[in-house]
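Undergrad: So the chains spell out like this:
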Amino acid sequence: MSKRLSWFIILVLVLGYFFLYGPIVSLVFFSFNASKLVTVWGGFSTKWYGQLINDDQVITAFLLSLKIALISSTIATILGTVAGYVLARFGLFRGRTVLSGMVTAPLVMPEVITGLSMLLLFVQMQQLFGWPTRGTLTITIAHITFTMSYIAVVMQSRFSTLDISLVEAAQDLGARPLKTFFVITLPIVAPAIVSGFLLGFTISIDDLVITSFTSGPGANTLPMVIFSKVRLGLNPEINALATLIITVVALGVIASTIYMAQAEKRRQRDMQMAVQANE
Amino acid sequence: MSNDASVKGGRLNRAPGAPFIGRVLRGMGIQPRLAVILIPYVWLVLFFMIPFLIVLKISFAELAIAQPPYSPLLVCSDPEISSTWLCFVEGKISVHLSTKSYVGIVSEYGKSFYDTLYVKAYWNSVVTAFFSTIICLLIGYPMAYGIARSSSTVRNLLMMMIILPFWTSFLIRIYAWMGLLKDSGVINNALLWLGVIDSPLSMMNTQFAVYVGIVYSYLPFMILPLYANLEKMDLTLLEAAADLGCKPLKAFFVITVPLSLPGIVAGSMLVFIPAVGEYVIPELLGGSNTVMIGRELVNVFYQNRDWPAACALAIAVLLLLVVPITLYQYYQNKEAEAGK
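One line per chain: the protein sequences are C and W, in this order.
Here the first sequence is numbered in numbering that gives the first Met the number 0, starting from 0 and rising by one per residue.
Here the second sequence is numbered in numbering that gives the first Met the number 0, starting from 0 and rising by one per residue.
I should point out that these hints are in silico values taken from the structure, not numbers from a laboratory.
Hints are not guaranteed to be accurate.
[What the hints assert, rightly or not] Chain W stretches covered by chain C per the calculated footprint, using a threshold of three residues with CB under 8 Å from any CB of chain C:
(1) 94-105
(2) 156-162
(3) 322-328
Every residue gets a Cβ at the ideal spot worked out from N, C-alpha and C, and that includes glycine.
Take the sequences, apply the hints, and build the full model.
TA: Written out as structure tokens, the structure is:
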């Protein structure tokens, strides 16, 4: 049924997208403003970009954020994939409800509470064992914990829709469980793992609240630096930084959408060929 | 999860000729299957469950001049025994639980129940989250509906544009609104230039700004589940209704809305739950009078250094969220069942 949409729906869509993108467009527009007063146009200039590149605080914070996001989302992807696999494929085992609860709880827990509880754990641990010192390590542990939940949910839904007959075929042909997992299951779910990793990476690099709670002296991530600058008011340098972030994200999302669409097409074609070959 | 999967899972692990890792684990008396389960389990118990129990424990402590600043849970009645364990063995240990922090939330010296800071912060958080959810639903539903009913190429493009802001920095999207809402901001400048207003509207640091920030940040979370639901709806139902003489608007309210109820609940909870505990938005866009519970929790922890009070607040927020979280999971499970 391809009936034309009513004028009301079209109006809401136009206004809705204007609402979503208007602020972003304005942000990007004023990053090229020569005036220090961010919202008063004073001619075209790229000087804030120059200032941004020479801002050591921002660069150091960015590199730290990148490091934490890479390490934590890699480990979280492994843990989240295992958790998703266990929840989707292991059936009922003792403690499944607890595991499933622990996986989904961080998703719905307010960030201030997750942050507070992690900080109190690290304080307690430091008291008892003298380890870990608060800083990059504690931020990374916190990020692994809450990003693995997102990844586990993605992986659980992927594993539960997995065609079990392929796994059974491999086992019938004598492949051991571990080999079957790495040779059959893993390649099939690889796209989901990649999107899980990207999701974890974005959440980690963007997090402010949990990071601030678990951070220690000297360990300032990019969102922490942005927050401390933005609190004092508008700052043209942040507009420039925002424009760079938005550009990278937009390119990334568009590229991955195209890639996914092509991978899906390829998969369909392969499956058709396999079916034809069998006939 | 069906039982049949567990049977399959069981068979997978009894494949002939155990591999090396399996042999090592079995040698240690651990089933490989158990080892796999333990990996995420141990991590989550250590870094999710235990932290939560620590919060619960501290919430029942009292503020004390100590490092860390709260009274211990286990108190030894004999001051000469230094080790807690020895004290326990001798049976002189007592558990010290105080509800002082919880009482502190609902009572403040010289103020009525409704005027205490935390009760006000609670109420304001719930009201703000509630109305933000309603506004998101009113904007998000027609949008999700429009996207779901457009042609498939347009649909993918529109959905990508909904998801795109989600991948960009949350903080930066809030910052964008600071530039728009300020007294000398873009909106005021435009309105002054157009001659609609004579003096700038004060929008920044108000409750209004907090609403704008929350609705803006969480709108995609409302649209995503609604779209997923509306997209797979059986449109022949609407045709049948039309054939039987039902007007489109009536068919929408009698058929489409009830069928999309799981999507409405999921979207609403995804907006309401994080909005209640929101910290960044009231901190950046709100004023000193927009008290919200997430912000108060941070203040009480870092400025008053009252750890037990912060923990009691955290537990109280979780109690508040139990109902919406349960509701969300109930509908999620129902969806998952229906999908099978």
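Undergrad: If a hint holds in the structure, say so; if it doesn't, say that too.
TA: Each hint, compared with the structure:
Requiring three or more residues with a Cβ within less than 8 Å of a Cβ of chain C, the coverage given for the region 94-105 of chain W is violated, as only 0 such residues are present. Beta-carbon proximity to chain C at under 8 Å applies to 5 residues in the region 156-162 of chain W; the threshold of 3 is reached and the given coverage holds. Coverage of the region 322-328 of chain W by chain C holds [criterion: at least 3 residues with CB-CB distance below 8 Å; count 3].
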